[in-house]
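2 protein chains.
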Amino acid sequence: MAERFAFTLKAQDGSARTGEIVTPRGVVRTPSFMPVGTGATVKAMFPEDVAATGADIILANTYHLMLRPGAERIAKLGGLHDFMHWDKPILTDSGGYQVMSLAKLRRIDEGGVTFQSHIDGATVALSPERAIEVQCLLGADIQMVLDECTPFPATRDEAKSSLELSLRWAERSKAAFASLSKPGQALFGIVQGSTYPDLRETSACALIGLGFDGYAIGGLAVGEGQEAMLDMVEVTTAVLPQDRPRYLMGVGTPDDLLQSIARGVDMFDCVMPTRSGRHCQAFTWNGKLNLRNARYADDATPLDPESACPAAQYERVYLHHLVKSGEMLGAMLLSYANVQFYQELMARAREAIAEGRFAAFADEVAQHYGAAGEPDDDTG
Amino acid sequence: MAERFAFTLKAQDGSARTGEIVTPRGVVRTPSFMPVGTGATVKAMFPEDVAATGADIILANTYHLMLRPGAERIAKLGGLHDFMHWDKPILTDSGGYQVMSLAKLRRIDEGGVTFQSHIDGATVALSPERAIEVQCLLGADIQMVLDECTPFPATRDEAKSSLELSLRWAERSKAAFASLSKPGQALFGIVQGSTYPDLRETSACALIGLGFDGYAIGGLAVGEGQEAMLDMVEVTTAVLPQDRPRYLMGVGTPDDLLQSIARGVDMFDCVMPTRSGRHCQAFTWNGKLNLRNARYADDATPLDPESACPAAQYERVYLHHLVKSGEMLGAMLLSYANVQFYQELMARAREAIAEGRFAAFADEVAQHYGAAGEPDDDTG
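Top line first, the protein sequences correspond to chains Y and P.
Residue 1 is where the first sequence starts when you use our numbering, and the numbers rise one by one after that.
Residue 1001 is where the second sequence starts when you use our numbering, and the numbers rise one by one after that.
Hints may contain errors.
[What the hints assert, rightly or not] Mimicking EDC-like on lysine to aspartate or glutamate, the simulated pairs with C-alpha atoms at most 16 Å apart in a straight line are:
1. Y:Lys182 with Y:Glu133
2. P:Lys1076 with Y:Asp298
3. Y:Lys76 with P:Asp1298
4. Y:Lys43 with P:Glu1048
5. P:Lys1174 with P:Glu1133
6. P:Lys1324 with Y:Asp120
7. Y:Lys174 with Y:Asp120
8. Y:Lys160 with Y:Glu110
9. P:Lys1088 with P:Asp1013
10. P:Lys1010 with P:Glu1355
11. P:Lys1160 with P:Asp1120
12. P:Lys1076 with Y:Asp299
13. P:Lys1324 with P:Asp1299
14. Y:Lys76 with Y:Glu133
15. P:Lys1010 with P:Glu1351
16. Y:Lys88 with Y:Asp120
17. Y:Lys10 with Y:Glu20
18. Y:Lys324 with Y:Glu364
19. Y:Lys76 with P:Glu1315
20. Y:Lys182 with Y:Asp213
21. P:Lys1010 with P:Glu1315
22. P:Lys1182 with P:Asp1049
23. P:Lys1043 with Y:Glu327
24. Y:Lys88 with Y:Glu133
25. Y:Lys76 with P:Glu1327
26. P:Lys1088 with P:Asp1120
27. Y:Lys324 with P:Asp1243
28. P:Lys1076 with P:Glu1133
29. P:Lys1088 with P:Glu1048
30. P:Lys1076 with Y:Asp109
In short, the hints are calculated from the structure, not lab data.
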């Protein structure tokens, strides 16, 4: 396996791209969806099943892991891959987003952010340097700079000073990464700028000036709505270099993914497939189903006859029974089937791009997953 | 596969026996432990993993399934095996025990028992005939007569009239089974008699007079203590025919199993491995562990280096992290490892009996699982 990080574009179809990220731990086919393994586990799934869905890479959360079980502990045990029995690539976020959304009594200043752990109330400091140190201790293949995820809504001035702080942190993160990382590990910058097109451009250009292995688009899917989100994606990918992967953080629905791929995004992560799986929701090639719905009480159809996932071969009546009974197996099967649906969606997107028919493919999926959210066939 | 039910003894070592139950759906190697799949799922396990542990047969609960999703519904879908994706043998209890332990406002009379469902409060009637009808609708390979699980403690008179009622129900169950069952399905009688040796003999002899494919020992592990339980087992197996399987219901700890095998029992079921798995407890060849214990916070040893179970290869530090974090994967891995431990225990018991060294084997296991309950290595 290559000892360096590389990205190769293989085909383009309009602005949609398909390619490969090569890392020492394996190849990531793009567009790529990363299942979220917040606390060193993709919830309710065995790691070998996560791999079996076709996932090339997962995301883990720095914030959660630094608090429990601790980055130094994981490092001592040989790193996050060994710890969680996942030998393919792992991307870690920087922890900044979770500090804002989960921690109490946070204080942000030029040096970084100080907060109280949501687990035990301990006071914890996270600086750009510490965020990189933690990610290196975890052994993450793709690491993220510490940034401030600008709250939404934000005034132009707030968004501007926030992105400028993030840029200074990005520079410090890069310096820390240069001294702490191992060959083949990669560092991504994160574009901020709220919903202001010119600020998005400013942020992207400044990050490009610093130079990163890839570029993430952050601070979206935080309440601005799909249209504004896609506008910001389009503005940003227009200035990002062609030869680096682009990663839209924390997104999203099948439609969000396809619309963003159409605007040049290569990578995604979202808790949606696993969280939905724990809440009786299934993504299928025929639309989204709520397995609690009484209509499935006698439905002997497999969950998704079009899916190759072993979990999708279970009949809806059985899944209905499991979720109504509160059985863990319901969440296990639906999480598995949903993660596989997302992977199959990406696999078909890659194929469609390579064959120059991405727009037609996206239209076809939109029949079941339109822009209006994710139309649920139970309520339609 | 044979179209009839048969039991063959292959070896004996003292009173311990090893053999094979042949059913149309497969062979059950005895001594056999049946994981409990109460509501058509062995909790927190994929059915293929239950099979991978070496389980030849599982138990399902008539009471739960008749209430939800309903026996007629399952029959319409092709039976319980198809419904839950388990193609090996299934034993069902008769529902009587759960009526006593779970249902509200139960009323018992000569005809049967009437109760309110613990799920929705509906009034439900269960007679010996209906219990067999339900088990036939489910398609159970081994079925149980409806009995009254005599409460403990019971006076001699209470125990006597209770077992006499159970005997009359057994006769009616047998008649119903004769008209409703399919070739190859089997019906077991259930010996009652509380802790009164002569009543146990009375019950066993009367059932033998009626004639059943196998004999269960019921009404034990209900508070009488291990010594009294084993005494009753010994009294009962002494009168049961050699050429029929004996099944001790709802038991138990590893020590309970080995002590009962030494007294001639062939089959067991218990929620212990799965319930313990959901409560952070692991059965290993080195004793029982409580993974919540802080001593595992840095323990990089695999859960059970002696087990062949894939789940037992995960390190204790990781399992500790999962259970402390409330992650479902913790329960999934521990349930899997525990069920496999029970299967490995039975496999080694069968081997030891075949090789005439069962007593030595039981002594060896008793070093970690003594009679005093299950000594937990965390508290020792």
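Here is what the structure says about each hint:
1. As the CA atoms of lysine 182 of chain Y and glutamate 133 of chain Y are separated by approximately 12 Å, the hinted pair is consistent with the 16 Å bound.
2. Between lysine 1076 of chain P and aspartate 298 of chain Y, the direct Cα distance comes to roughly 9 Å. Compliance with the 16 Å bound is thereby established for this hinted pair.
3. Using a Cα cut-off of 16 Å, the hinted pair lysine 76 of chain Y and aspartate 1298 of chain P holds, with the two alpha carbons roughly 9 Å apart.
4. Of the supplied pair hints, the one linking lysine 43 of chain Y and glutamate 1048 of chain P is violated, its CA atoms being roughly 20 Å apart against a limit of 16 Å.
5. At most 16 Å may separate the alpha-carbon atoms for a hinted pair to count; lysine 1174 of chain P and glutamate 1133 of chain P meet this at roughly 11 Å.
6. Between the alpha carbons of lysine 1324 of chain P and aspartate 120 of chain Y the distance comes to roughly 12 Å, so the proposed pair stays at or under 16 Å and holds.
7. Among the hinted pairs, lysine 174 of chain Y with aspartate 120 of chain Y is inconsistent with the structure: their alpha-carbon atoms are about 31 Å apart, more than 16 Å.
8. A C-alpha spacing of about 15 Å is found between lysine 160 of chain Y and glutamate 110 of chain Y, which places the hinted pair at or below 16 Å, so the restraint holds.
9. Between the alpha carbons of lysine 1088 of chain P and aspartate 1013 of chain P the distance comes to roughly 28 Å, so the proposed pair goes past 16 Å and is violated.
10. With a CA separation close to 11 Å, the supplied pair lysine 1010 of chain P and glutamate 1355 of chain P stays within the 16 Å bound.
11. Between lysine 1160 of chain P and aspartate 1120 of chain P, the direct Cα distance comes to roughly 34 Å. Violation of the 16 Å bound is thereby established for this hinted pair.
12. With a CA separation close to 11 Å, the supplied pair lysine 1076 of chain P and aspartate 299 of chain Y stays within the 16 Å bound.
13. Restraint check for lysine 1324 of chain P and aspartate 1299 of chain P: the C-alpha separation of about 14 Å stays at or below 16 Å, so the hint holds.
14. For the given pair, lysine 76 of chain Y sits about 14 Å from glutamate 133 of chain Y by alpha-carbon distance, which is consistent with the 16 Å threshold.
15. For a cut-off of 16 Å, the pair hint linking lysine 1010 of chain P to glutamate 1351 of chain P stands: about 11 Å separates their Cα positions.
16. Taking the CA atoms of lysine 88 of chain Y and aspartate 120 of chain Y, the gap is about 31 Å. The hint is violated against a cut of 16 Å.
17. A hinted pair counts as satisfied when its Cα atoms are at most 16 Å apart, and lysine 10 of chain Y with glutamate 20 of chain Y qualifies at roughly 7 Å.
18. Distance hint between lysine 324 of chain Y and glutamate 364 of chain Y is unfulfilled; the C-alpha atoms sit about 32 Å from each other, more than 16 Å.
19. The hinted pair formed by lysine 76 of chain Y and glutamate 1315 of chain P meets the criterion: a straight-line CA distance of about 13 Å does not exceed 16 Å.
20. A hinted pair counts as satisfied when its Cα atoms are at most 16 Å apart, and lysine 182 of chain Y with aspartate 213 of chain Y qualifies at roughly 14 Å.
21. Proposed proximity of lysine 1010 of chain P and glutamate 1315 of chain P is contradicted: the alpha carbons are some 39 Å apart, above 16 Å.
22. With a CA separation close to 29 Å, the supplied pair lysine 1182 of chain P and aspartate 1049 of chain P exceeds the 16 Å bound.
23. The straight-line distance between the Cα atoms of lysine 1043 of chain P and glutamate 327 of chain Y is roughly 7 Å, inside the 16 Å bound, and the hint therefore holds.
24. Restraint check: the Cα-Cα separation between lysine 88 of chain Y and glutamate 133 of chain Y comes to about 21 Å, which exceeds 16 Å; the hinted pair is violated.
25. As the CA atoms of lysine 76 of chain Y and glutamate 1327 of chain P are separated by approximately 22 Å, the hinted pair breaks the 16 Å bound.
26. Proximity of lysine 1088 of chain P to aspartate 1120 of chain P is assessed by CA-CA distance (about 31 Å); at most 16 Å being required, the pair is judged violated.
27. Proximity of lysine 324 of chain Y to aspartate 1243 of chain P is assessed by CA-CA distance (about 42 Å); at most 16 Å being required, the pair is judged violated.
28. Taken as a hint, the lysine 1076 of chain P and glutamate 1133 of chain P pair is honoured in the structure, with Cα atoms around 14 Å apart against an allowance of 16 Å.
29. Our distance criterion of 16 Å between C-alpha atoms is met by lysine 1088 of chain P and glutamate 1048 of chain P, whose separation comes to about 11 Å.
30. Taking the CA atoms of lysine 1076 of chain P and aspartate 109 of chain Y, the gap is near 65 Å; set against the 16 Å cutoff, the hint is violated.
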